[in-house]
Amino acid sequence: MDKTRHIDTVMQAVNSGSAAARSWLAASWRRSAERHGLDPATRGAGRKLDEADLRDHRRRLDRFMTVAAPQLDQLFGLVGNSGCAVVLTDQSGIVLDRRCAMADEEVFSHWGLTPGADWSEAAEGTNGIGTCLTEERQVIIHRDEHFMARNIGMSCMDAPIFGTDGQLVAALDVSSARADQTEGFNRLIAATVEQTARAIEAEYFRASFPGARIVVADSGDQATSMLLAVDSDDIVVGATRHARKALGLEPTGALKPRPASDIFGRGDGPTGFEKAERAAVVRALTRAGGNVSEAARALGIGRATLYRRMKRLGISE
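Here the sequence shown stands for residues 95 to 411, numbered as in my numbering.
Among the clues, some could well be false.
[Said to hold, decoys possible] Result set (EDC-like, lysine to aspartate or glutamate): computed pairs, CA atoms no more than 20 Å apart in a straight line:
id, residue 1, residue 2
1, K97, E388
2, K339, D259
3, K142, D167
4, K97, D133
5, K142, D102
6, K97, E230
7, K350, D259
8, K350, D328
9, K405, E371
10, K339, E229
11, K142, D212
12, K142, E200
13, K142, D191
14, K339, D356
15, K350, E388
16, K339, E230
17, K339, E388
18, K350, D327
[Claimed, not checked] Restraint ranges, calculated between C-beta atoms of paired labels, are given here:
id, residue 1, residue 2, range
19, A373, E344, 21 to 31 Å
20, G384, P353, 24 to 34 Å
21, R116, F358, 41 to 51 Å
What the hints contain is simulated information worked out from the structure, not anything from laboratory work.
Nothing here was measured: the structure is a model prediction, and the numbers come from that model.
Glycine included, every Cβ here is placed at the ideal spot set by N, Cα and C.
Could you build all of it, start to finish, from the sequences and the hints given here?
What follows is the structure, encoded as structure tokens:
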């Protein structure tokens with residue numbers, strides 16, 4: 095589709111009384127025009143931060159970017175030879191990092207996919223990065239699905255990344271300016287982008303709770319990151335966004351401290367101090383391979399005392 099036809103198509107959808115209700119894409123086009131005041135015919139480069147502002151944006155996510163870098167390298171190793179760029183932005187749509195082949199660098203710089211560029215929906219209208227961040231979900235924006243006519247040569251596959259507090263922290267993007275890239279191939283890339291985004295999310299979560307035990311909850315979906323951070327007292331101190339949703343925890347922000355046993359549904363049997371005592375005895379016996387004498391020494395009590403406690407707690411030898 096040429097740019098003039100694209101502009102006409104976008105404006106027809108924007109001015110339609112029903113298109114936005116029928117199509118998420120038309121709804122995004124309408125947001126771009128009415129909420130953000132954008133014109134699909136706008137030419138020239140979009141907004142870009144200066145070096146000082148870009149350093150400030152990067153500094154806010156310094157630890158996150160360190161964790162994400164190996165995953166970006168791995169993703170680029172998979173898609174880079176097909177003429178794609180790998181891009182990481184913050185939650186506002188500012189490009190923080192980019193991977194692309196030297197032969198493709200001029201192309202992507204021409205498209206404005208460079209560090210410091212603003213690819214929010216407010217700045218560029220419907221696009222992979224901005225729409226992913228606005229709707230907080232995985233999106234594919236294929237060529238003429240973009241709002242701006244100047245962007246219709248690109249295909250963009252994006253997935254959101256959520257932080258340890260359950261809130262949006264970044265977007266992961268793979269963009270291609272190849273004219274022969276099909277929508278089917280885009281879907282294959284999109285699956286890899288989503289998988290990589292969840293891997294970054296999981297690694298960042300682990301790095302954020304270095305002293306905690308990380309428990310992986312079974313979600314039945316390998317694409318999600320259902321992780322819990324449990325401290326030395328068996329108190330849950332952190333949970334990923336997917337874990338929060340599945341387990342009915344606070345959707346965002348700090349978690350209310352909860353015993354791990356409350357979340358995992360082990361509420362039957364002993365309660366209070368008796369429950370904690372039983373758990374301590376079972377752990378000691380397990381570590382000692384069932385040797386009561388060794389377990390008693392580890393607990394700092396006599397063998398006879400441990401036998402009495404085992405009997406009271408209903409623990410067989």
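Hints, verified against the model:
At roughly 79 Å between alpha-carbon atoms, K97 and E388 are farther apart than 20 Å, so this suggested pair is violated. For the given pair, K339 sits about 12 Å from D259 by alpha-carbon distance, which is consistent with the 20 Å threshold. For the given pair, K142 sits about 24 Å from D167 by alpha-carbon distance, which is inconsistent with the 20 Å threshold. Distance hint between K97 and D133 is fulfilled; the C-alpha atoms sit about 13 Å from each other, no more than 20 Å.
Distance check on the hinted pair: K142 and D102 sit about 28 Å apart at the alpha-carbon level, beyond 20 Å; violated. Our distance criterion of 20 Å between C-alpha atoms is broken by K97 and E230, whose separation comes to about 28 Å. This hinted pair checks out: K350 and D259 have alpha carbons roughly 12 Å apart, not beyond 20 Å. For the given pair, K350 sits about 14 Å from D328 by alpha-carbon distance, which is consistent with the 20 Å threshold.
About 13 Å separates the Cα atoms of K405 and E371, which keeps this hinted pair within 20 Å; it holds. Of the pairs offered as hints, the one joining K339 and E229 holds, with about 17 Å between alpha carbons and a cut-off of 20 Å not exceeded. Annotation: proposed proximity of K142 to D212 holds, straight-line Cα distance about 6 Å (limit 20 Å). Only pairs whose Cα atoms come within 20 Å are accepted, and K142 paired with E200 is accepted, the gap being roughly 17 Å.
Using a Cα cut-off of 20 Å, the hinted pair K142 and D191 holds, with the two alpha carbons roughly 14 Å apart. Between the alpha carbons of K339 and D356 the distance comes to roughly 16 Å, so the proposed pair stays at or under 20 Å and holds. Only pairs whose Cα atoms come within 20 Å are accepted, and K350 paired with E388 is rejected, the gap being roughly 37 Å. Among the hinted pairs, K339 with E230 is consistent with the structure: their alpha-carbon atoms are about 15 Å apart, no more than 20 Å.
At most 20 Å may separate the alpha-carbon atoms for a hinted pair to count; K339 and E388 exceed this at roughly 43 Å. Between K350 and D327 the alpha-carbon distance is near 15 Å, which keeps this suggested pair within the 20 Å criterion. Between A373 and E344 the beta carbon distance is about 26 Å. The supplied range of 21 to 31 Å therefore holds. G384 and P353 have their C-beta atoms about 27 Å apart, which keeps the hinted 24 to 34 Å range intact.
Under the hint 41 to 51 Å, the C-beta atoms of R116 and F358, about 44 Å apart, fit the expected range.
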